[in-house]
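Make a model of the complete structure from these sequences and hints.
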Amino acid sequence: MVVIEVLRSPLASIISLDGYNHQHEFYGSSKRNDFRTQFKCMNCNWESKAKKSFARIHGRIVMALAEECGILPRTPNRKISRTRLLNEPMEMDNSGTIPNKVARVEFESVCEEKWMPVLKENGDVSENCTQQKSPPWGSLADQNLGVQNDGDSPLRVSKGEMDLIDGLYYLEERDEEILSKRILNLSRLNKVRSVLELYMSMVFSGLLPDFHASNSLLSCLLRNGKLDDALKVFEFMKVNEMLTGHTYSLVLKAVASSWGCDAALNMFEEAERDGISKKYFDVVVYNTMISMFGKVNNWVQAETMWRSLLDNGLVGTVVTYRLLVCIFVRCGQHELALDAYQEMIRNQLSPSDDVMQAIIGACANEGKWDLALNVFESMLNSGMKPNLIAYNALINSLGKAGKVELAFKVFDTLKLLGHAPDAYTWNALLCALYRANRHADVLRLFDSIRREHNSVLNLHIYNTALMSCKRLALWDRALQLLWQMEAFGFSISTASYNLVIGACEAARKPKIALQVYEHMVQQKHSPDTFTLLSLMRGCIWGSLWNKVEEILNQSEPNGSLYNAAIQVVKRLSSHSMQQRKPSDFVARKARHCS
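Letter by letter, the sequence shown follows residues 3 to 596 of my numbering.
Treat the hints with caution; some may be incorrect.
[To be verified] In silico lysine-lysine, DSBU-like type, Cα no more than 35 angstroms apart, as pairs:
1) LYS281 with LYS297
2) LYS526 with LYS513
3) LYS387 with LYS402
4) LYS183 with LYS193
5) LYS193 with LYS228
6) LYS297 with LYS255
7) LYS228 with LYS240
8) LYS387 with LYS411
9) LYS281 with LYS183
Hints were generated in silico from the structure; no laboratory data involved.
The following block contains the structure:
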């Protein structure tokens, strides 16, 4: 029979040995404080009150202490490792043990009074256990055992050398519910050492904390960066079937934060292979994995988790679809975002405002203006206030579809809700008018913006106005806008110069176009194919053949450029020799290029 005697004061340990007919026990005791409580374990009374894994913990400690003290011969096959968790069975070789004798461990009080030797006689005898299996509790065996014995002094465990015993204390309270509440309170206060010692003491005493307390301990350890200890607690919970979806959610999130998403994915897939997922995984676990992959914009794995959730017969929550929609929109997967939104509506879940705003943006990119408008109206009917980004996306979507009147109605609603239009809003309205071929309205709106909202003017707004000038052949207005852009210090692109040259071409002003071209080169802007095509067409229409030849000679060989020039020459109504000559020249250059 293995017996532990525990005092209420700070601990010291004593080893004694029981024989067949009597017991020789030498230990230290206080004159005032020798209260002891005996616990029977292993093959005695543990079965009726605790799981066998707890009894094995105590048995392992007893045998290890006995070997360290020399009472039992050291067995190579039985040792406590610093590194591996105690979640694997360990065979014991008891060939060197003394027959019918077992070790006895006592934890006694340490006080200022002298230790008094006491001799006890006891005839209780029990047979050795021939095999022991180690428990799943890993942190109890992280350190080597060290025991000191100074002559006649009682045997004590060296402080700091034996984490197996250090931190354990006698629990006068035996109610698991009360102890679990203590673990909850300590965890919420982030008392890491205290709560871990209490948890270990409960396990050592054969008491089982409840699910809530264990999860709270895990959360406390993870908050304080104790991932290794948390994983040991997690393994203990797994062996004793104390897991919940919240448990896996906490651990997966911590593993991903410390070791990356791949490590968390490996743990997730291992649980699926072991069949744990169907038993413990709930929608919270899948939400954790989806959120994890969303942070690194891995929409492929996020979609995989979504499909796995459905395959396991689970139904997503509002959080699930919110994550999916936002991730897919952010990664440009608008079709998937719309699929997730439609599934959310089918499940009769109410989308939040950020989901609906993201869907409006997805519809704008997919050209589904009608769905975007329906979502927008649903937001207004629900009392939600769409943000400016949603307004801009909807106006842009309506403008692309040619729904100019609807776009301006949405714009009026924008102002009623107190939003201030930005540059994107104004440009979306200008583009809507431009696509509807209302170029004069584009210029009128541009003038209004310049008078009342001068601060929002940017390169895109000016380019939209230049596009209308080109359509209306307003070369002088285009030049004015170009000088204004330069005066404001905008970084003018080649595309802006192309629009001005195009306006000059439409107005049959080749000489003005050449001046703009020369100014463009002076500003160190390299002309592209569109610049040369527009310039050459204007020169051909103006019969500036020397300029055409100069442009062709200065430009790199370009078959499309020469072919376009030939087509312009062929479309000329007059076929005089002056025009045939350059036509032949252009043809020769084209053949040379090819």
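Hints versus structure:
Using a Cα cut-off of 35 angstroms, the hinted pair LYS281 and LYS297 holds, with the two alpha carbons roughly 27 angstroms apart. A C-alpha spacing of about 20 angstroms is found between LYS526 and LYS513, which places the hinted pair at or below 35 angstroms, so the restraint holds. For the hint pairing LYS387 with LYS402, the CA-to-CA distance comes to about 24 angstroms; that is within 35 angstroms, so the pair holds. Taken as a hint, the LYS183 and LYS193 pair is honoured in the structure, with Cα atoms around 14 angstroms apart against an allowance of 35 angstroms.
Distance check on the hinted pair: LYS193 and LYS228 sit about 12 angstroms apart at the alpha-carbon level, within 35 angstroms; holds. At most 35 angstroms may separate the alpha-carbon atoms for a hinted pair to count; LYS297 and LYS255 meet this at roughly 12 angstroms. In summary, the hint linking LYS228 to LYS240 is supported, as the alpha carbons are separated by about 18 angstroms, within the 35 angstroms threshold. Restraint check for LYS387 and LYS411: the C-alpha separation of about 16 angstroms stays at or below 35 angstroms, so the hint holds.
Taking the CA atoms of LYS281 and LYS183, the gap is near 26 angstroms; set against the 35 angstroms cutoff, the hint holds.
No hint from the list above goes unmet by this structure.
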